[in-house]
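Visitor: Chain B with the ligands: place on chain A using the hints.
Same order as they appear, the protein sequences are chains A and B. Counting with the numbering used here, you get residues 399 to 563 for the letters of the first sequence. Counting with the numbering used here, you get residues 13 to 299 for the letters of the second sequence.
Keep in mind that the hints are not guaranteed to be accurate.
[Stated by the list, open to error] Per the computed footprint, the stretches of chain A lying under chain B, defined by three or more beta-carbons under 8 Å from a beta-carbon of chain B, are:
| id | region |
| --- | --- |
| 1 | 437-449 |
| 2 | 452-463 |
[Claimed, not checked] Pulled a few chain A residues facing chain B out of the computed Cβ check, cut under 8 Å:
| id | residue |
| --- | --- |
| 3 | M399 |
| 4 | P417 |
| 5 | S418 |
| 6 | H419 |
| 7 | R421 |
| 8 | D424 |
| 9 | S508 |
| 10 | P517 |
| 11 | A527 |
| 12 | S529 |
Don't read these hints as lab results, they were simulated from the structure. Yeah, the Cβ is synthetic: ideal placement off N, Cα and C, and Gly gets one too.
Spelled out, the chains give:
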Amino acid sequence: MIHNIRVKVNGEWVEACVPSHRRLLDFLREDLDLIGAKEGCGGGECGACTVLVNGEPINACLMLAVEADGADVLTVEGLGYADHLDPVQEAFVENSALQCGYCIPGMIMSAKALLVRNPSPTREEVVEAISGNLCRCTGYARIVDAIMQAAQVARAAESSKVGGE
Amino acid sequence: MLLPFDYVRARSREEAVDLALRAGAGGRFLAGGTDLLVRIHDRQLRPKMVIDLKGIEGMQAINCCDGEGLVVGAATPLNRLIRDEVVRSKYGLLAEAAHTVGSMQIRNRASLGGNISNASPAADTAPALLLYEAEILTWGPCGVRKIPVGEFFKGPGATALGEGEFVFKVRLPILKERSFGAYLKLGRTSAVDLAIVSVAALALEGGEVRLALGAVAPTPIRVKEAEAILRNRKDKEAIREAAVATRRLAAPISDIRASREYRLEMTEVLTARAIEQALAGLAARAR
Ligand SMILES: Cc1cc2nc3c(=O)[nH]c(=O)nc-3n(C[C@H](O)[C@H](O)[C@H](O)COP(=O)(O)OP(=O)(O)OC[C@H]3O[C@@H](n4cnc5c(N)ncnc54)[C@H](O)[C@@H]3O)c2cc1C
Ligand code: FES
Ligand code: FES
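So here's chain A without its partners, still in its complex pose (with noise of 0.2 Å):
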């Protein structure tokens, strides 16, 4: 069974045709080319496929295109680019966070959810909203760090922000 399909993908609406049993990693890898997001398992267990819907981050290998009918996708592409990174993606570079980087999309995207929804995050509330994301090079230290980081400077750019107006 074919679906046309509207999703905004990274701010811009894309309209599509699916087969039923499209999985939305496959749709944003294969046919948008956004390829940020990984398979690493398959099965929800890795988070390499991570992507916010509508803010929320989801196993994007659990979820199919069809579902996302209508909903708000952002993947890593739509966070930053090379000359303009999101402050998450900044402390990650900053802080050596990774070093393959292969979980690193899926883990960026799991912060920014994180730190949108909660901007002073303890260290344990770092590391739960990262629990379904596995690293098997960095040991997540360094990661825990450019997340908290990154936090203190979105806070620091959103008060001066204010104090500036």
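Guide: Just chain B with the ligands, lined up with the frame of chain A:
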């Protein structure tokens, strides 16, 4: 990549039942997909038709306290339940249990109805539902049925649901007394793992202590014989006796997660701990 199937988003309860009856053994209901899509991916299941329940009115609603108690649409994602103020304050044990499921990503999709329809002996919301004496409201070819949660689970992977029938809502009756619950889940890791053993305890102001277990019997079970020991005594000795009785009522298997012996031992240890935590929490609340 998944093997092909047809997806239909049901627009009404009647349509969902119709589709399911027509698809027969080849049909599967879909809520959050965190279990179904894994099984399709692993080729354990090859449905011909996947029937999405999320578009049915009321399937994702949380209503409370108009004399009915708490009524949760079966397709409500667990994170919505966990963040709901009423659930947190009045049915805290359910929020606590739901919070132990999988990861943030999983909880954003995984539904309450899917968690119980799986009928996994380790389903994390089941012990809490047993202790709140939930009623499972189903919709099927003959309309509504109300099934006490204690009669819903029939064995690993088996429920009381008939052909074409699905869980529509879950109702938790009003608790008139103040209560405090504790849910202790032992996994191999602290997140993203199923329970090896889980114990729920709910202490009520009137003196009742309710106990339920997960992952140590063919279904989640409530252990009323152990509860009876705590009816009039709540000292250390009574708690120990209740824990020993609970161990006797458990009937775990050995599998890749843990041996039968380890599960029995941990049932006793966690039961005593859960009772203590529930009683202490209730005492703090009363102050
Ligand atoms: C990585 C990972 C970790 C997990 N960790 C846990 C955990 O810690 N604890 C735990 O308990 N579970 C866990 N699970 C299992 C699963 O996520 C949960 O059981 C979840 O609640 C299932 O809900 P769902 O809405 O995603 O179900 P779905 O996948 O949509 O459906 C599950 C099954 O129930 C049927 N179904 C769904 N809704 C209904 C309904 N309303 N009426 C009738 N039938 C229905 C479907 O046909 C299917 O057979 C985990 C899964 C994964 C992938
Ligand atoms: S690929 Fe989706 S969780 Fe691993
Ligand atoms: S950096 Fe290699 S998996 Fe995380």
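Visitor: All hints are to be evaluated individually against the structure, with a verdict given for each.
Guide: Comparing the hints with the structure gives:
1. 437-449: Satisfied; 6 residues make the cut.
2. 452-463: Our answer is that it holds, as 8 residues pass the Cβ test (under 8 Å) against chain B, meeting three.
3. M399: This interface hint holds because 4 Å falls under the 8 Å limit.
4. P417: Nearest chain B Cβ about 7 Å off; hint holds.
5. S418: Hint holds; S418(A) Cβ to chain B Cβ min 4 Å, cut 8 Å.
6. H419: holds (4 Å)
7. R421: holds (6 Å)
8. D424: holds (7 Å)
9. S508: holds (7 Å)
10. P517: violated (17 Å)
11. A527: With Cβ-Cβ at 6 Å, under 8 Å, it holds.
12. S529: Interface hint status for S529(A): holds (4 Å vs cutoff 8 Å).
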